[in-house]
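*Asks:* With the hints as your guide, set chain B onto chain A.
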Amino acid sequence: MKSRTALCSLFCLVGVCFLSGCEGGSTSPPASKLPVSNEVAATLGQPAGMANVPESALSTPNPYANDPQAVTAGKTLYIKMNCASCHAYNGTGNMGPDLTDASWRYGGLPIEIYTSIHDGRPKGMPAWGNALPPSEIWKLVAYIQSFGGSTPASAYRHAREGDTPGEQVAPEMSSSPPPASASSGP
Amino acid sequence: MPATKFVPKRAPACQVAFLRPGEARFARGNTRLKSAWKMGALLALVTSAFIGNADEPPGAPLPQPAATNLSGATINFAPNDPGSEWHSPARDYANSRYSPLQQINVGNVGRLRVAWTFSDGTLHGHEAAPLVVGNTMYVVTPFPDMLYALDLTKPGGSIKWTFKPNPSSMAVGKACCDAVTRGVAYANGKLIYNLLDDHTVAVDAKTGKEVWRIKMDNLKTGATMTMAPLVVGNKVFVGNSGGEMGAQGWVAAIDVNTGKELWRAYNTGSDKRALIGADFKPFYSWMKGKDLGINSWPAGMWKHGGATVWGWISYDPESNLIYYGTSNPSPRVPAQRPGDNLWATTIFARDADTGMARWAYQTTPHDEWDYDAANEDLLMDLPVGGKTRKVLIHFDRNAYAYTIDRLTGEVLRATPFASMNWSTGFDMKTGRPIVNPDEEPRPGIKLPNLCPSDLGGKEWPPSAISPRTGLIYAGILNVCMDLANHEVGYIASTPYDGMEIGRHPASGGNLGEFMAWNPATGKKAWSIKEKFMTMSGVLATAGDVVFYGTADGWFRAVDARSGKVLWSHKLGSGVIGLPITYLGPDHRQYVAIYSGVGGNARVPVDKSLAGFPAEGGTLYVFSIDGDAVGMGPGVKPANASSSAKP
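As given, the protein sequences belong to chains A and B, one line each in that order. For the first sequence, the working numbering begins at 762 and goes up steadily by one. For the second sequence, the working numbering begins at 11 and goes up steadily by one.
The set of hints was computed from the structure by calculation and includes no laboratory data. A portion of the hints provided could be inaccurate.
[Said to hold, decoys possible] Ranges between beta-carbon positions, derived for each pair: (1) Val445(B) x Asn851(A): 25 to 31 Å; (2) Gly923(A) x Ala502(B): 32 to 38 Å; (3) Gly636(B) x Ser935(A): 32 to 38 Å; (4) Ser935(A) x Ala502(B): 36 to 42 Å; (5) Arg452(B) x Asn851(A): 18 to 24 Å; (6) Asn851(A) x Ala502(B): 21 to 27 Å; (7) Lys841(A) x Lys300(B): 33 to 39 Å; (8) Asn851(A) x Asn446(B): 36 to 42 Å; (9) Asn851(A) x Lys282(B): 39 to 45 Å.
Each residue gets a CB set at the ideal place from its N, CA and C atoms; glycine is no exception.
If we strip away everything but chain A, and leave its shape as in the complex, we get:
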């Protein structure tokens, strides 16, 4: 368990640093040497990359998910880093959005929450990638996941398409692509 967590942290560190360029004091290898495809880069928080991304990138789980100690550590960070003043001590939002409900401006998958914390967001969310190591960011994500509003990594595809568990699916929208002749334009 422990080794899997460490491995996963390493993967995420590498992946996220590739995206941000890891400016300023990071110990990870230079981005140019990393074997990460452009497809993965396009996936994280970028809808333009939706069409052809490997789903595995979005399904990246939080290595600390369901780890009570990490959740506690995440809560401490949540208060220390002033997250609580923006998103409220109970996470229901204030200056920043509610983190306890199912509505996510930039996606509620663990990796999307990670990216929001790491890179910041244009409506005022600061970028914490230079201030916090990946492990600490994942602990913050674990605490946010404990609010119950986030999307499980396993539901990444459904989340992307706005599906909810157990919903009906029109026959035309079933997984097999419709025959070409069925479509005659708008």
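*Replies:* Below, chain B without anything else, positioned relative to chain A:
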């Protein structure tokens, strides 16, 4: 500006009020108006209560009988803008929010109906007042801070131009209390206002083109700008927001014509930065001394000490002083900043030309509860102890109503006007409130039922005063809080805060209350309890009708003397804006108000109640029977096709 011909620009307001009934009687129908006006001035001179319009309900008291001024307060309505228009959020330097119009009055206000509406395409809290200059209405939206010019001569107030300043979206997440603006000021053919991203901008009122823009602060420090500027002569006074973020508070004067900064006074730091010099004479000794903006703080803490200027600025033309209040000190956790924390939670009087401080008065020394002093200062002359004093009246968030000598800073009276337990009394000798030691928060201790809450006994929306009744009208709050403090570290552009707050209604269960306050006695004349917060500005008129709104979207008209609700209308969203009234090009009186809940009215104590509305962004304009240019049965809009197909 055709309307100006009706009202001499320099006419004292009492005259204006007297002349108005002439128009009032002939306001129902365009065709009759012109000839009616010609006779209006003459009729006004011989006016009596019995020259009524046939359309008025029988017995409608027109014109208003002379009201009894219950307090003896008199107001200087400088700059004496035309009575038919509305050029600044408060209408005048004294912050009266009083209109001399009286077509709409206690007798007919019950017939107010929607004349037209305008959706501005934005959400967030709508906290601003519309302005009316000539035949154009100007409305400013919350972020992205757009400015619309609406042509009042056209049916439905069609858009003349739209100004889109394109502020940085980063600002949205730096604003403590929603991405709001509190308004725009008109001067010299320009509309001047602050963008949330720390720029002040001037826009040509005719063309909608930007005239100048100046960067006044930096989002990286957590500062934003939300307040409405005040213009006096060729100067516009502005200040910043960000007391929750550890920003450094300041007030500044900008040249109206060039957009250049003329002076700036910081509200923390050295006397030099604070523009405190030889002329500075605070009334109380504890505010005298060198560099108190540094020395009343732990070492260096003043640098992120807040004391921002996000509320209202008043101006006294006689003394040439501006008045404004500063925000809470940062961080909001008091244990981290022992000392009085000057000049946070302080009312300042400054020379308008130089910015040099004349006096200061700190309402809540070492503020422990987030009681900013940013609320409006109403200027009036008032009999106090048998003598007429030049005073300012200030309903502080700390729930004391202050009567202060506006030339010296001496507190003449301090009386609670809302639920309060943080203070057990007021020491008139020292000018300091007596703090209840049981209600002082410390990290690690949860204090239940502290009153008022951080929203204050009254929030920022400005009150109004009527010179006819001598009463002040204000929406106040009946909210207490459970408070837990957390130690915080300063991280630039994140909240420097540490207050964990749960709010609940004080005794009575109502969150809001609308009151009439007699400044001579320091007592309420009457009040109306509201289930939801009363967080709107107030409009008082010579028709002896007072207007206010509620967070759940009711807009009401009340008899200024009795407090009887005469009319209510439910708007699409909550009302936290500032109502105004004006005469249209058709010489009809209209009342305008923004609907769009947000700001501090969307906190859980309000939001979680059944009946709390969704966000919105619609201007509502009302008139008697909803009459307006180009509207009504059988009236065809000017631009409609003449051959309508079935």
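*Asks:* Compare the structure with each hint and give your call.
*Replies:* We went through each hint and held it up to the structure:
no. : hint                              : in the structure
1   : Val445(B) x Asn851(A): 25 to 31 Å : holds, 29 Å
2   : Gly923(A) x Ala502(B): 32 to 38 Å : holds, 37 Å
3   : Gly636(B) x Ser935(A): 32 to 38 Å : violated, 54 Å
4   : Ser935(A) x Ala502(B): 36 to 42 Å : violated, 51 Å
5   : Arg452(B) x Asn851(A): 18 to 24 Å : holds, 21 Å
6   : Asn851(A) x Ala502(B): 21 to 27 Å : holds, 25 Å
7   : Lys841(A) x Lys300(B): 33 to 39 Å : holds, 36 Å
8   : Asn851(A) x Asn446(B): 36 to 42 Å : violated, 28 Å
9   : Asn851(A) x Lys282(B): 39 to 45 Å : holds, 44 Å
When the structure is compared with the earlier hints, violations turn up for hints 3, 4 and 8 and for no others.
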